[in-house]
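Participant: Listed here are the chains, written in short residue letters.
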Amino acid sequence: MTEPILWRVRPGQQLRHWGWDEQCVLYNDLSGDTHLLDEAALLVLLTLAREPATDAALAQALDLEDQGEAGAWLAGLLDSLKAQHLVEPC
Amino acid sequence: MAIEDGQGAREAGQGQPAQARDRLDPAGAARRRFAKGGATGVLLTLASQPGMAADICASPSGSLSGGLQSRRPRAQSCDGRSPGYWKSHTWPAGISRDALFSKVYPCVGRNRDTYGKVTCLAILSHQEFDKGNLGMHMMAGYLNAADGRTSFLTAQLLQKIWSDWQEKGYYSPNPNVHWNAADIVIYLSGTMD
Chain A
1 MTEPILWRVR
11 PGQQLRHWGW
21 DEQCVLYNDL
31 SGDTHLLDEA
41 ALLVLLTLAR
51 EPATDAALAQ
61 ALDLEDQGEA
71 GAWLAGLLDS
81 LKAQHLVEPC
Chain B
1 MAIEDGQGAR
11 EAGQGQPAQA
21 RDRLDPAGAA
31 RRRFAKGGAT
41 GVLLTLASQP
51 GMAADICASP
61 SGSLSGGLQS
71 RRPRAQSCDG
81 RSPGYWKSHT
91 WPAGISRDAL
101 FSKVYPCVGR
111 NRDTYGKVTC
121 LAILSHQEFD
131 KGNLGMHMMA
141 GYLNAADGRT
151 SFLTAQLLQK
161 IWSDWQEKGY
171 YSPNPNVHWN
181 AADIVIYLSG
191 TMD
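Sequence lines, in order, name chains A and B. Residue numbers in the first sequence follow this note's numbering, run continuously in steps of one, and reach 90 at the last position. Residue numbers in the second sequence follow this note's numbering, run continuously in steps of one, and reach 193 at the last position.
Just so you know, these hints were derived from the structure itself, not from any lab. Because the structure is a prediction, the values reported are computed rather than measured. Yeah, the Cβ is synthetic: ideal placement off N, Cα and C, and Gly gets one too. A few of these clues could be false.
Claimed, not checked - Chain A regions said to be covered by chain B (calculated; three or more residues, Cβ under 8 Å):
| # | stretch |
| --- | --- |
| 1 | 33–47 |
| 2 | 78–86 |
Claimed, not checked - Which residues of chain B face chain A? A few of them, derived with a C-beta cut under 8 Å, are:
| # | residue |
| --- | --- |
| 3 | Gly41 |
| 4 | Leu43 |
| 5 | Leu44 |
| 6 | Thr45 |
| 7 | Leu46 |
To be verified - Residues from chain A that keep clear of chain B, each with C-beta distances beyond 12 Å, as calculated:
| # | residue |
| --- | --- |
| 8 | Ile5 |
| 9 | Leu6 |
| 10 | Ala56 |
| 11 | Cys90 |
Next up, chain A with everything else stripped away, as it sits in the complex:
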């Protein structure tokens, strides 16, 4: 059985963002890119900035089911954020 992945915000990311309504732009300190995120993605980043978390712990913190559609969405989002160098396994 595989160990659950513990995720964290990549060191060096300050998560500087500017938001409105349900979206925000966020500056990526490592790539220099600017991302347009929806509210849920920002909440995931801010939650991980407090402390590293597994998918299950993150889902619990966000009041999401960690299984099914919500769990799949969260896993996909984490992979997407990882690809953008915003989060990483630790």
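With chain A held as given, fit chain B onto it using these hints.
Facilitator: Relative to chain A, chain B alone:
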């Protein structure tokens, strides 16, 4: 609204107006957001690359709602070419320069007599009826997709953009946003040199 950082956000929360508190406190907000069906994550990225204009290497956000598996990372290509490029370079196999534009993008209504009458090559040059050069950029976008240059923007998605624009006059990348022809051209231009 001020620019915040992660540290500032961590220290905030108490004593904030309700709206700010809700935004900074993730408990419940993500669930509500997800439950509304609007959660998509990273909507687009403006790449910071010296010498390049803003580069849009993402599908219109609304297209992502079609399947959660689309959030999975994959090798991404973002190397679209302009309409001018395709006028003078070899096309991907299976697409004829002499084929009608309507073979790629079905044309209905008034468009039958305009877009429906020109070839795929001709639309790459400005046509009087092609206001804002929408057809020109849609054709270049299709060639880019067929040539594997824009993995985030498939031929099927382009055809949906065209179909929606033709039917309604706009395309909605997400439920709250309507892109008219000019907006679509701006987006497509960002995927090309």
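Participant: Now look at each hint and say whether the structure bears it out.
Facilitator: Hints and how they fare:
1. 33–47: holds (count 14)
2. 78–86: holds (count 6)
3. Gly41: With a minimum Cβ separation of about 4 Å from chain A (threshold 8 Å), the hint on glycine 41/B holds.
4. Leu43: holds (4 Å)
5. Leu44: Since chain A brings a Cβ to about 5 Å from leucine 44/B, closer than 8 Å, the hint holds.
6. Thr45: This interface hint holds because 5 Å falls under the 8 Å limit.
7. Leu46: holds (5 Å)
8. Ile5: Holds: least Cβ distance 14 Å, greater than 12 Å.
9. Leu6: Consistent with the label, leucine 6/A stays out of reach of chain B, its closest Cβ about 18 Å off (over 12 Å).
10. Ala56: holds (14 Å)
11. Cys90: Given that every Cβ of chain B is farther than 12 Å from that of cysteine 90/A, nearest at about 16 Å, it holds.
Figure legend: structure checked against the earlier numbered hints; every hint is met.
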